[in-house]
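Chemist: Below, each chain spelled out in residue letters.
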Amino acid sequence: MIPAAWERRHVLSLRDFTVAELDIVLQTAHSFQEVLSRRTKKVPTLQARVVANLFFESSTRTRNSFELAAKRLSADILNFAPGTSALTKGETILDTAKTFWAMGAEFMVIRHQQSGVPQTIAAEMDRLGGHVGVLNAGDGCHEHPSQALLDLFTLCQGFGSDRPRSESLKGKKVAIVGDIRHSRVARSNLYSLKAAGADVHLAAPPTLLPKEFDCYGATRHWQVEPALEKANIVMTLRLQRERMDQHLIPSLREYHQQFGLTRDRLKQCHPEVKVLHPGPVNRGVEISSDLMDDPHFSLINQQVASGVAIRMALLYLMGNYHTGPLT
Amino acid sequence: MIPAAWERRHVLSLRDFTVAELDIVLQTAHSFQEVLSRRTKKVPTLQARVVANLFFESSTRTRNSFELAAKRLSADILNFAPGTSALTKGETILDTAKTFWAMGAEFMVIRHQQSGVPQTIAAEMDRLGGHVGVLNAGDGCHEHPSQALLDLFTLCQGFGSDRPRSESLKGKKVAIVGDIRHSRVARSNLYSLKAAGADVHLAAPPTLLPKEFDCYGATRHWQVEPALEKANIVMTLRLQRERMDQHLIPSLREYHQQFGLTRDRLKQCHPEVKVLHPGPVNRGVEISSDLMDDPHFSLINQQVASGVAIRMALLYLMGNYHTGPLT
Amino acid sequence: MIPAAWERRHVLSLRDFTVAELDIVLQTAHSFQEVLSRRTKKVPTLQARVVANLFFESSTRTRNSFELAAKRLSADILNFAPGTSALTKGETILDTAKTFWAMGAEFMVIRHQQSGVPQTIAAEMDRLGGHVGVLNAGDGCHEHPSQALLDLFTLCQGFGSDRPRSESLKGKKVAIVGDIRHSRVARSNLYSLKAAGADVHLAAPPTLLPKEFDCYGATRHWQVEPALEKANIVMTLRLQRERMDQHLIPSLREYHQQFGLTRDRLKQCHPEVKVLHPGPVNRGVEISSDLMDDPHFSLINQQVASGVAIRMALLYLMGNYHTGPLT
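Chains as they are written, first to last, in the working numbering: chain A, 203 to 529; chain B, 203 to 529; chain C, 203 to 529.
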């Protein structure tokens, strides 16, 4: 089952993921999805191996998704709660990570409000020769690779054939709508969608879509209509309420009027358009409530379900890198 | 072991529980109590199935009791901590629940400070056809079915024969004393005790025992003495300190003088009277400290022990409903 | 594997630990370290037995270390989070502990900011005849036995032969440097190091090293140099930032200048000196950053690793006391 080509100990960014690597992740996730459809949704793959969930920034959805993925691989899990942590006692982040390494953690799933923290920890782990795989579960505004991979998996299953392959998105028009500037989800998706050959359009108010985004090979729009036109896929992004206090948007209501996805706006898209949102959703802001619940368009629940399979796949592949094929 | 008559996917309220259903729960809990007396206190019943503990209101005792019950059934557990949750990010409670459903949770144990939340989530799960069983672990002042069932189990074991049956409480005088008005424990117990044929008396200051309680078929008293007289069972309820600030009681000391259970007051009861409290106890308020520790009268520790067996039974029965008899 | 001489249900203090007992712990930990070097780092020893982690004082490192130790013995774990606890509802600490006992916990790992709490709980558990083993995971300024035992284990492995024995520290000069007055780590280490026959020197400013420490049979110094001279081992202690506000030290900078361990100061020690710190470390306060990271001197990472093996050993030995040899 393990493709020979997987050579990553860490999953930190999708920037240099090849199509072949994307397809390895998709196919491995597909196999695990089959496991999840069984009566006993568990495999002994990572038995007695330790996954440390180091969520310096709090999270419900992603943390639980990783926790469940790890449990279904029979791993043991250590959780790090920022509130009760040694950090408040003056310890550095690297020392915290090293403590988990010294205890025996072989995987670290790291979320941090600052960009680059998972990369720094991964470099330190490599320096220690510690055989630890680091997975970026969201760092600042930088990247959130597992989210983009689960989006890709969800979309390839929606558009493709039996076995999900990234090429099924070739030439598809994807509109990413919302607070692109602060979105690690958007950045990771830009890499994977471009690698898959999709035609990516970005739409946001100018304050939330600066020029620097030209480098990604996507088309920028400061209005939502041209992005939505004939789009096969619409990815809505979460809008944080703080953006209003920062004077980046006039109000949530005005944002919704101009950029919120509604049944009406969806008419400009391809008739079989699919809608994604990484969650948690502010109903009536990024997307209208009725549209979110419409299973004909919304793949939001499938995204959550895909998340467990994708994260099982990533831990599995990373674990396989360390120790050779698991038999 | 599974009685044919169990037809509940959810356990939300004891309002319409039949005697037959109560007895199914009691007998299943009795079987699990036997498991808990073994060297290896674990059965593979719910292996790889996911129980989501969604405690929107914080809890030590009930959450740990459910967690241990789930572990002893070999389930995997996801915990939801309200502080670090998506709720603070604007997500609705239903969307939070749907996220856990989409991840693969098959059981949701829900506590919420608002009455009706577990019911709303259960209805949504049914609408989704999601084969999810919802268990109300306490909703506002409304109900706390697993607490009343563990009280029933504890009492039937105290009064009955080898196999606990609800009929062993027939005709027994039960005094429920304390903050009945705000008590979900009292409301659930009223249903199960009346179904079992007990003679239920309520005692509290008028501010904590309004007229609406007449509908339950219990006798109301605004003084404790008539309720205690010849009582076979006294259930004391937790008094929250806030009640003083709300001017519902003059002071904790005065409350104790008028309604606190003491060794002296107990003399009015049946000589073999048994005392319960759902915990956590304010020693010297609801009950005097020495009485609480007297194993001749107090069943408080047995209640906690029964809790694990009852919760194993409920999860087992709910799980059995979904998928047919587990062999 | 189990030595016949282990007769402790609880591990509360190292005050009266004999050399024979220390060696039993070291040898059992050594066996578990062998388990931890295997592919499958897990043994079924405590399967389905419940370890309650009652950390009334928050902790990352010690709590996770115990959690991992318990998981590697296949135990089930209940966690107590002080913030969300029944304590805030007026319950006494003893009642909280009794709740976990009544649920079926057989081990309680207790940390509390007040000295003596684990001892009180252990006495209550014995009174209840509850076959519960209590482990002190740090009580106030009193003791932290598992930390001192992991220090001993780390040192014996650094200095001794294949199988760690406490006699390998006989005659070694150990300098304990830092906030000795408030250190439960120092107190526990004083007992075990003296039992092992080490020559213990204490160094701290007078405000942090009062006269009462004369009773331990160690040499007191109010300057660091005489303690470090030809020392084989230097134990640095954590300095809490509060000590500055309490006017016990002038500033962190001045503390570091006078008592901080640096590469320069280390030249006074034995050339093969080993440096320990219980963590979390304030880099540049108790110890200079470069020295902390120098694997030639620093055993800090080994301490963390030893922690898991030592805690497995303690739970194992305590568990064995209850029920007879596990076969």
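The hints are simulated quantities; they were obtained by calculation from the structure and are not laboratory data. Cβ coordinates follow ideal geometry from the N, Cα and C atoms, glycine included. Just to be clear, a hint being listed does not mean it is correct.
For lysine-lysine, the following PhoX-like pairs were computed, each having C-alpha atoms within a straight-line distance of at most 20 angstroms [what the hints assert, rightly or not]:
| hint | chain 1 | residue 1 | chain 2 | residue 2 |
| --- | --- | --- | --- | --- |
| 1 | A | 413 | A | 372 |
| 2 | A | 432 | A | 413 |
| 3 | C | 469 | C | 375 |
| 4 | A | 432 | A | 374 |
| 5 | A | 243 | B | 413 |
| 6 | C | 244 | B | 243 |
| 7 | C | 244 | B | 244 |
| 8 | A | 244 | C | 244 |
| 9 | C | 374 | C | 396 |
| 10 | C | 396 | C | 372 |
| 11 | A | 396 | A | 413 |
| 12 | A | 244 | B | 372 |
| 13 | A | 244 | C | 374 |
| 14 | A | 396 | A | 372 |
If you want the footprint, here are the derived chain B segments under chain C, 3+ residues with CB under 8 angstroms [as the list claims (entries may be wrong)]:
| hint | region |
| --- | --- |
| 15 | 270-276 |
| 16 | 315-322 |
| 17 | 408-415 |
Some chain B residues well away from chain C (every beta-carbon gap over 10 angstroms; in silico) [stated by the list, open to error]:
| hint | residue |
| --- | --- |
| 18 | 470 |
| 19 | 498 |
| 20 | 510 |
Chemist: A separate judgement is required for each hint: does it hold in the structure or not?
Modeler: Comparing the hints with the structure gives:
1. The straight-line distance between the Cα atoms of residue 413(A) and residue 372(A) is roughly 25 angstroms, outside the 20 angstroms bound, and the hint therefore fails.
2. Between residue 432(A) and residue 413(A), the direct Cα distance comes to roughly 24 angstroms. Violation of the 20 angstroms bound is thereby established for this hinted pair.
3. Proximity of residue 469(C) to residue 375(C) is assessed by CA-CA distance (about 15 angstroms); at most 20 angstroms being required, the pair is judged to hold.
4. The suggested pairing of residue 432(A) with residue 374(A) holds, with an alpha-carbon distance near 10 angstroms, which does not exceed 20 angstroms.
5. A threshold of 20 angstroms between alpha carbons decides the hint, and for residue 243(A) with residue 413(B) the separation of about 51 angstroms lies outside it, so the pair is violated.
6. About 19 angstroms separates the Cα atoms of residue 244(C) and residue 243(B), which keeps this hinted pair within 20 angstroms; it holds.
7. Distance hint between residue 244(C) and residue 244(B) is fulfilled; the C-alpha atoms sit about 18 angstroms from each other, no more than 20 angstroms.
8. Between residue 244(A) and residue 244(C) the alpha-carbon distance is near 18 angstroms, which keeps this suggested pair within the 20 angstroms criterion.
9. At roughly 10 angstroms between alpha-carbon atoms, residue 374(C) and residue 396(C) fall within 20 angstroms of each other, so this suggested pair holds.
10. Taking the CA atoms of residue 396(C) and residue 372(C), the gap is near 9 angstroms; set against the 20 angstroms cutoff, the hint holds.
11. At most 20 angstroms may separate the alpha-carbon atoms for a hinted pair to count; residue 396(A) and residue 413(A) meet this at roughly 18 angstroms.
12. This hinted pair does not check out: residue 244(A) and residue 372(B) have alpha carbons roughly 46 angstroms apart, beyond 20 angstroms.
13. A distance of roughly 51 angstroms separates the Cα atoms of residue 244(A) and residue 374(C); the hinted pair therefore is violated under the 20 angstroms criterion.
14. Between residue 396(A) and residue 372(A) the CA atoms are separated by roughly 9 angstroms; this keeps the pair inside 20 angstroms, and the hint holds.
15. Coverage of the region 270-276 of chain B by chain C holds in this model, with 3 residues showing a Cβ closer than 8 angstroms to a Cβ of that chain against a need of three.
16. Coverage of the region 315-322 of chain B by chain C is violated. Counting CB-CB distances below 8 angstroms, 0 residues qualify, and the rule asks for three or more.
17. Coverage of a stretch by a chain is defined here by at least three residues with a beta carbon nearer than 8 angstroms to that chain's beta carbons; for the region 408-415 of chain B and chain C the count is 0, and the condition is violated.
18. At roughly 26 angstroms from the closest C-beta of chain C, the C-beta of residue 470(B) stays outside 10 angstroms, upholding its exclusion from the interface.
19. Look at residue 498(B): its CB is around 15 angstroms from the nearest CB on chain C, clear of 10 angstroms, so calling it non-interface holds up.
20. Not every Cβ of chain C is farther than 10 angstroms from the Cβ of residue 510(B); the closest lies at roughly 6 angstroms, contradicting the non-interface assignment.
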